[in-house]
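2 protein chains.
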Amino acid sequence: MIEGVILAPLKRISVTKGDIFYALKSSDAVYSGFGEAYFSEIHPKEIKGWKRHKRMTLNIIPVNGAIGFVLYDNRPGSSTYGEFEHIVLSRNNNYQRLTVPPGLWMAFYCASNDTAMLMDIIPEPHDPDEADRLDLSAIKYDFI
Amino acid sequence: MIEGVILAPLKRISVTKGDIFYALKSSDAVYSGFGEAYFSEIHPKEIKGWKRHKRMTLNIIPVNGAIGFVLYDNRPGSSTYGEFEHIVLSRNNNYQRLTVPPGLWMAFYCASNDTAMLMDIIPEPHDPDEADRLDLSAIKYDFI
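From first to last, the protein sequence lines stand for chains A and B. 820 is the number of the first residue of the first sequence in this note's numbering; add one for each residue after it. 820 is the number of the first residue of the second sequence in this note's numbering; add one for each residue after it.
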């Protein structure tokens, strides 16, 4: 796994009337403060990215469908410099929380036939200047 | 509206690849701290409740389907003592955040043909002793 990235299985409590899904607790080791929670949908065959946060750690939870995450590490001095990581999360098949430290490039795509959705909890309210963006073609990766 | 309950429209940013949905920011007036975020599903024709929190304020966001919330105020001294409130939220038709102060009884039901899901952000990690529960029949309400 790329240095600093944490993947944690999340509890799902089976309830006849409808299940409960854990997402994040303030007592979790990866919790780094609450600034904002938001949802992002991704339609079939679409890819969002590349984006790199300067300060913020992301805590991402799969809500609907399946989402493929691609991380790229070009942090100087990182033990995983130059590496890519590919992770597919889904509420029903792989319900885990993905923690992404600042400094990594990330793109994500819809890995299901229906529109997918993630939740992200970030330690400060969204600020457009806090992230760098690149065209998909700028970092070569064979997404599909 | 029952005293202390706040309903706030939430921004949805239209994006070709998949929309962004606001949920909660630390700068929102209703934000009362982060203890945990979790999801709760509710299957068609099911009702979860009654439940009353002793300390915690809930911040509830509709994620999938439609959810009907019924609030009942039996707080002594409340200006809305004895009143019920019925609110239906849905990501697509009524995307609002429902803030429920402690002391109110709440039940919720699936108001869509498919399983519905809400997200709740609470100011302390879940503690079973922090809430009171009653059978559905204990507070008379004609849900469906």
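None of these hints come from the bench; they were simulated from the model. It is possible that part of the hints are untrue.
Note that identical chains are pooled: a pair holds if it fits in a single copy or bridges any two copies.
Unchecked claim - Calculated pairs, DSSO-like style, for lysine-lysine (alpha carbon to alpha carbon, straight line, at most 30 angstroms):
| # | residue 1 | residue 2 |
| --- | --- | --- |
| 1 | Lys830 | Lys844 |
| 2 | Lys959 | Lys830 |
| 3 | Lys870 | Lys830 |
| 4 | Lys844 | Lys870 |
| 5 | Lys959 | Lys870 |
| 6 | Lys959 | Lys844 |
| 7 | Lys873 | Lys844 |
| 8 | Lys959 | Lys873 |
Please read all numbers here as calculations on a predicted model, not as lab measurements.
> Which numbered conditions among the earlier hints are violated in the structure presented, ordered from lowest to highest?
Replying inline: 2 and 6
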